[in-house]
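Novice: Fit chain S to the given chain W structure using the hints.
Protein chains in written order, with our numbering: chain W, 74 to 542; chain S, 74 to 542.
Quick caveat, the hints were computed from the structure, so don't treat them as lab data.
Note that the coordinates shown come from a computational prediction; the quantities given were computed from them, not determined experimentally.
One should not assume that every hint holds.
Simulated restraints, written as ranges between beta carbons of each label pair [unchecked claim]:
#  : chain 1 : residue 1 : chain 2 : residue 2 : range
1  : W       : 293       : S       : 312       : 23 to 33 angstroms
2  : W       : 158       : S       : 82        : 50 to 60 angstroms
3  : S       : 177       : W       : 345       : 24 to 34 angstroms
4  : W       : 174       : S       : 312       : 11 to 21 angstroms
5  : S       : 292       : W       : 412       : 30 to 40 angstroms
6  : S       : 292       : W       : 292       : 16 to 26 angstroms
7  : S       : 412       : W       : 343       : 55 to 65 angstroms
8  : S       : 89        : W       : 422       : 53 to 63 angstroms
9  : W       : 110       : S       : 158       : 36 to 46 angstroms
10 : S       : 109       : W       : 461       : 56 to 66 angstroms
11 : W       : 123       : S       : 344       : 55 to 65 angstroms
12 : S       : 312       : W       : 158       : 54 to 64 angstroms
The beta-carbon is built from N, C-alpha and C at its ideal position, and this holds for glycine as well.
Protein chains: 2
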Amino acid sequence: MALTPQLLRALQDIVGPAGLVVSAEGRLTYECDMHTFYKGTPDAVVLPESAAQVAAIVRLCRREHVPIVPRGSGTGLIGGAMAPEGGVMVSMTRMNRIVELDFPNRCATVQPGLINLWLSQATRERGYFFAPDPSSQMVSSIGGNASTNAGGPHCLKYGITVNHVLGLEVVTGAGEFVQLGGKTHERPGYDLTGVMVGAEGTLGLVTGVIVRLTHLPEGVKTILASFSSIEDASEAVSAIIRAGIIPAALEMLDEVVIRAIEEGVGAGYPKGAGAVLLIELDGPIAEIEAQSGPIETICRDAERALLWKGRKEAAGVFGRLTPNWLLQDAVVPRSKLPQIMKEVAAIGARHHLVIANVFHAGDGNLHPLICYDDRAPGELERAKQANEELLAACLALGGSVTGEHGVGLDKRASLPMQFADSDLNFMARLRRVFDPDSIMNPGKLLPSHPACGEGFRPAARPLPAGTWI
Amino acid sequence: MALTPQLLRALQDIVGPAGLVVSAEGRLTYECDMHTFYKGTPDAVVLPESAAQVAAIVRLCRREHVPIVPRGSGTGLIGGAMAPEGGVMVSMTRMNRIVELDFPNRCATVQPGLINLWLSQATRERGYFFAPDPSSQMVSSIGGNASTNAGGPHCLKYGITVNHVLGLEVVTGAGEFVQLGGKTHERPGYDLTGVMVGAEGTLGLVTGVIVRLTHLPEGVKTILASFSSIEDASEAVSAIIRAGIIPAALEMLDEVVIRAIEEGVGAGYPKGAGAVLLIELDGPIAEIEAQSGPIETICRDAERALLWKGRKEAAGVFGRLTPNWLLQDAVVPRSKLPQIMKEVAAIGARHHLVIANVFHAGDGNLHPLICYDDRAPGELERAKQANEELLAACLALGGSVTGEHGVGLDKRASLPMQFADSDLNFMARLRRVFDPDSIMNPGKLLPSHPACGEGFRPAARPLPAGTWI
Chain W
74 MALTPQLLRA LQDIVGPAGL VVSAEGRLTY ECDMHTFYKG TPDAVVLPES
124 AAQVAAIVRL CRREHVPIVP RGSGTGLIGG AMAPEGGVMV SMTRMNRIVE
174 LDFPNRCATV QPGLINLWLS QATRERGYFF APDPSSQMVS SIGGNASTNA
224 GGPHCLKYGI TVNHVLGLEV VTGAGEFVQL GGKTHERPGY DLTGVMVGAE
274 GTLGLVTGVI VRLTHLPEGV KTILASFSSI EDASEAVSAI IRAGIIPAAL
324 EMLDEVVIRA IEEGVGAGYP KGAGAVLLIE LDGPIAEIEA QSGPIETICR
374 DAERALLWKG RKEAAGVFGR LTPNWLLQDA VVPRSKLPQI MKEVAAIGAR
424 HHLVIANVFH AGDGNLHPLI CYDDRAPGEL ERAKQANEEL LAACLALGGS
474 VTGEHGVGLD KRASLPMQFA DSDLNFMARL RRVFDPDSIM NPGKLLPSHP
524 ACGEGFRPAA RPLPAGTWI
Chain S
74 MALTPQLLRA LQDIVGPAGL VVSAEGRLTY ECDMHTFYKG TPDAVVLPES
124 AAQVAAIVRL CRREHVPIVP RGSGTGLIGG AMAPEGGVMV SMTRMNRIVE
174 LDFPNRCATV QPGLINLWLS QATRERGYFF APDPSSQMVS SIGGNASTNA
224 GGPHCLKYGI TVNHVLGLEV VTGAGEFVQL GGKTHERPGY DLTGVMVGAE
274 GTLGLVTGVI VRLTHLPEGV KTILASFSSI EDASEAVSAI IRAGIIPAAL
324 EMLDEVVIRA IEEGVGAGYP KGAGAVLLIE LDGPIAEIEA QSGPIETICR
374 DAERALLWKG RKEAAGVFGR LTPNWLLQDA VVPRSKLPQI MKEVAAIGAR
424 HHLVIANVFH AGDGNLHPLI CYDDRAPGEL ERAKQANEEL LAACLALGGS
474 VTGEHGVGLD KRASLPMQFA DSDLNFMARL RRVFDPDSIM NPGKLLPSHP
524 ACGEGFRPAA RPLPAGTWI
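Just chain W, same shape as in the assembly:
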């Protein structure tokens, strides 16, 4: 869709000339997020500097029936922060300030574009940090983390993003300001903070976030445990949790990934092992010592920075494994880990594909890496088929078709595998409460499905402002 000169002028009146990108080369930067299968260039990109500007943009786009695609740093892995149908992309990168650090109440108020790691850097010397640590934390934004409900290795102990968001300021798809949650523990009325966290920009735009600050632990200890098979490592995960120990992180890497990391990075992982677990304990030093005893019977100590370098650069070495890959994200209850690892191996064997594994074992959050070569006839199709079987296997074990990455464009079609029609219909009706004209990130999250009504394309005619839906 082409935007009218009047609309572009009105956008520029709101954000100023420096806040509007309309050139083809400028817009190209925004054609996709980190899931490069999906591309779509917005017709314009606006970079607001205040919540008031955001509200003005939404009201304008609503009046003109133009889709809005919110974007943080664009590091998402599910095709969520791109514009499949064009429209106006709202980039939050200029709204990147810390508004308030409130140490007595252990919270911070930040703008949505603030880089995740910056908050921990700004609070470290006072003894605090922001706990959710997606691998992208050096570049991803807290608003984007909230919109995708991002996870990370240390979320096993500290919880995922939703557990650290106390309140949100939101401009809904109707152009209204709504305050959700706040600094105090509990508030009257419906608790909508959790609905907005993980909504992937389909309900509105986050313009402010109140997050919990966490005390830095007194000590940290990282343990590497190696196993002859990934099934044995999976059993160990269950045994550790059963012993009442919740490590800060509990990450699994399989044989294929270990070898690739050792060749690419050299982190000191044992090359002959069938799998390794990276186990991190933190907290009071006395507690770490008490917990590491039972774990160390199967482990040896190692150097922390190097161990994490291997894990965090795993994605960088995938190119050594395979010409093409599909990084899946799914979940099983963690007691089912040994079972799903057998199934993953069986699916790989059945389709003659290497499936590598590096994942958040403590959470039961798998990231099977399906390796294929799209120049080999039929291999892409086999990879897609293996992918479908993988998701179905997770669901059959009581799991979920997405873990920490979200739905976006990529998993939309999988939602009917997990939800009844009545659940989908319910979500679609909820979406209309926030976004009556379906202008917010259309085509994302909810599937094209009869239970979802019109599938959330912009409505043919606008509803009068304030209409009761």
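Specialist: Relative to chain W, chain S alone:
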């Protein structure tokens, strides 16, 4: 409203003769919850034994435009589980089973009528407990705890009920089954678990709850600290939190309450003190020892059971203080405790009323007890005025008009003090997604206010089933 013989017969067909209460004396039991200001007898009480029966009841009542009032154990303090307009009360007391204990995944699936304490009793020998511990835990139900998002002394460390609910099975006001959340950490789509927790039965009926189980701590230590004034004790609360210590519980009792408890129970509290703090530490024994050092400089050890007996029986000794009382529930950010305690004292002095204090200091959750004698002319009016000023003072400090008890009938009128019209309108629209005909617990939670539309009385005409609202 009188129910037709046809409707009563249809209800009996669903729940059987033993599950239907229609006699006047039988219904009298259900005329109020623990807030005895508000009374209203339901026209019938049904006691379903399965989720399918619950869904059949809702569909029947929806068709006939009869209000539904859900009820757990009836221990609420805000007039939520009573029937101001008659209608059908749905009591969950016969749906009180543990459906599954899943220790490897640290969770339990329970029916809504299960008594809170029973779950901890059933899991203790395996080393687990259910952490939310409202003072009513020996009699209140987990479904009721979830519907009011109940707190409790140990929620400071362990979080409130919403932090322990992983998933819910719900029959909405439209008579549909909806699954919210589940055993795995994260799921695709909108996270509606938090919306249902604390919705006080206004969106639907909870028919199943998946809750988190928590490991029993290795050790527990309870410390009593006495202070010359409540302001000094409030400063100590801030100092403890600032030191990076989150006790399991941190409870405040003022001079008036200490005296009443000592006369009534004899818990060994120091009668001359201006205030005491009850501080409980739990966890690994080494951690407790490390944390108690900084606290003990202002404390003396004491016997745990007796200390808690005093705190938990505080409500029982209020009769010694005053002929009548109003127990308020409000919140301030905990850094504002010293300030609000000064204001509470000033409000009491201004209105010539004793205001006693016993509360969850660590959470900033106040329970001022406004003492009055309704036989003394004008005293009730002064108490009500003091109450209004108290809530306004909490809001002015960035707090909330309700803490752990909820809204119900009692706080409805206060909501417009805390929320903008757009927020109220938003909640009303959300309510209609779940409950299109406004049959669920009408007259509760949302105020009669233009922003809430029709104020959620049963609709004049039913909408056709499946209508898009």
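Novice: Which earlier hints turn out false for this structure, listed by number in ascending order?
Specialist: 9
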